[in-house]
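> On the provided structure of chain V, position chain H as indicated by the hints.
From first to last, the protein sequence lines stand for chains V and H. Using the numbering used here, the first residue of the first sequence is number 1, and each one after it goes up by one. Using the numbering used here, the first residue of the second sequence is number 1001, and each one after it goes up by one.
Everything labelled a hint here was simulated from the structure, so no lab data went into it. Only a predicted model underlies this, so the values are computations on that prediction, with no experimental measurement involved. Backbone N, C-alpha and C fix where the C-beta goes; we use that ideal spot for every residue, glycine too. Keep in mind that the hints are not guaranteed to be accurate.
Pairwise CB distance ranges, derived in the manner of DEER restraints [said to hold, decoys possible]:
(1) H/Arg1079 - V/Pro178: 44 to 52 Å
(2) V/Glu84 - H/Arg1141: 16 to 24 Å
(3) V/Pro97 - H/Leu1221: 30 to 38 Å
(4) V/Ser223 - H/Ile1026: 49 to 57 Å
(5) V/Trp222 - H/Asp1082: 41 to 49 Å
(6) V/Pro178 - H/Gly1049: 36 to 44 Å
(7) V/Trp222 - H/Ile1026: 52 to 60 Å
(8) H/Ser1067 - V/Val237: 34 to 42 Å
(9) H/Gly1126 - V/Ala166: 30 to 38 Å
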Amino acid sequence: MTPAWVLGQRALREAWRTPEALLPTLFIPLFFLVVNVGQAARIFPSKSTAFLHGQGYGAFQLPSSLLLAASFGSAALFLVEDIEGGYFDKLRATPIPRTAIVLGRLIAESVKGVLLATALVLLGLVFGITVASGVLGFVLLVCLAALWAVVFSGFMQLIALKTRSAAATNSAGLIFFPLLFLTPNFVPRNLLTRPMEIAATFNPVTYVMEALRSLILEDLVWSKILYGFGVAAVLGVVMLVLSVRLIRNYD
Amino acid sequence: MSDATHNGAAVQADGLVKHYAGKDVIEAVRGVDLRVEGGEVFGFLGPNGAGKSTTVKMLTTLLSITSGTAFVAGVDVARDPDEARRRMGVALQEAGLDPRQTGRELLVLQGRLFGMSPSEALTRAGELLALVELEDSADRRIKGYSGGMKRRLDLASALVHEPEVLFLDEPTTGLDPASRLTVWDELRRINNRGTTIFLTTQYLEEADQLCDRIAIIDGGLIVREGTPARLKAELRERRGLASDPTLDDVFLDATGRTRVAGDVQEVSA
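Same shape as in the complex, but just chain V (with noise of 0.2 Å):
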């Protein structure tokens, strides 16, 4: 563990130096939390809306902007730095396994996803937001976000080492938008058109989504909340092994 730990810290002094990358990934999920809210939160009065539980339509919405900000994948393209300047190549020439130059960069993505997830969710209680599943609650509210940086992040780097190429890993990162839109991300999955509830139900992102949303809005549904946890850790491991095997046979 101990050459991804130092593989992680590289990482996370590169993305604290590097405050232009950081800084999108907290402010452009506020943007849109504001706007959808400010858009659509009249329709969804909180007395009469059932699924909102009491809260506000902010409530509802934390759960995108937390799945955005998990999914910018910066992490990916500082890969690409390293392999287009010649670093990359150093630490392969160093004994350390091939799974912690993998594995390094996820420790601190996933440092990061704590520390963006805590900061998001903290506005929100400002913000009049609660999290009805209490301090537990809470934390496993970070540690799922967090866990989804790092599958993203994962799938992200995976790109990276196929292409090579910052201006492919950047096209791929677009791939989320369709998905986070192809979720229940205004309504509820019951509440969407048949179309689009059978792509929702097809789409991993749905099932992270609605665990974040019952944290948030619910007491403790397990049921919910393995369902997150459990696609969420398998996306991970898939990711993690098609990048070890790809690092591995690197030319």
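Just chain H, lined up with the frame of chain V:
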């Protein structure tokens, strides 16, 4: 996994081949045999695209080997790459450095990746910064370093774990003459401490100044090998020249190119 059959050789390659699969198979290296003795400075020369960097990348475990074998410090690089990595230092073309770290942080990180404790890595980083005369800039971010400083830091990072063999791919390309001389001095100092140096270069004067022996690769095959003096003498004798040719002449002769009115042109056989 040390191999006693490579007794004394710091680097030994036999029938080294690299093919790149694709629409058409590209034969980048077509059967390279090399032997570099411990303590030597060995120069590996060749025109662009001749297979120099590909050979170095295979020897340094960064590229898979299509066929043939390669041993560095007695270790089979294909069968035991991690052990080979512990015994070699690598500084490739375009100093591979992380611009967002400071020089000291980069060296400490490198030490940690080679298994040192934080305090050992910090001490070693200090020693190396002194060796390459970068103590004053050690805590500045690398993105502010000059090309020469980056090269020297890259050299230092390749030496963190005191390797037996140091591979340098065009260590002075792009440097001004003063920086080049500084790097040469560093290399001599490193070699005097017993480290074998395997370097590629496009500067024949550099090879002449630094190398005990050289090999010239062209079209993926070694076309000349020996000491600079012996190669010059051989050409002088073969061509019946009145005076010793330069290493440039040896290179042009070996690679089938000729000098015409200041230009280098290929000779069609």
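> Does the hinted range 30 to 38 Å hold for V/Pro97 and H/Leu1221 at CB?
36 Å, holds
> CB of V/Trp222 to CB of H/Ile1026, is that within 52 to 60 Å?
57 Å, holds
> Could you say whether the range 49 to 57 Å given as a hint is met by the Cβ separation of V/Ser223 and H/Ile1026?
This hint holds: roughly 56 Å between Cβ atoms.
> Okay, V/Glu84 versus H/Arg1141 on CB: inside 16 to 24 Å?
The hinted range 16 to 24 Å holds for V/Glu84 and H/Arg1141, with Cβ atoms some 18 Å apart.
> Could you tell me whether the CB distance from H/Arg1079 to V/Pro178 stays inside 44 to 52 Å?
The hinted range 44 to 52 Å holds for H/Arg1079 and V/Pro178, with Cβ atoms some 46 Å apart.
> Look at the Cβ atoms of V/Pro178 and H/Gly1049 and judge whether their distance stays inside 36 to 44 Å.
Taking Cβ atoms as reference, V/Pro178 and H/Gly1049 lie about 43 Å apart, which means the hint holds.
> Verify the CB-CB distance for H/Ser1067 and V/Val237 against the hinted window 34 to 42 Å.
Holds, at about 36 Å.
> Do V/Trp222 and H/Asp1082 keep their Cβ atoms within the hinted range of 41 to 49 Å?
Between V/Trp222 and H/Asp1082, where Cβ atoms are some 44 Å apart, the hint holds.
> Is 30 to 38 Å a correct range for the gap between the Cβ atoms of H/Gly1126 and V/Ala166?
35 Å, holds
Violated hints: none; the structure is consistent with every hint.
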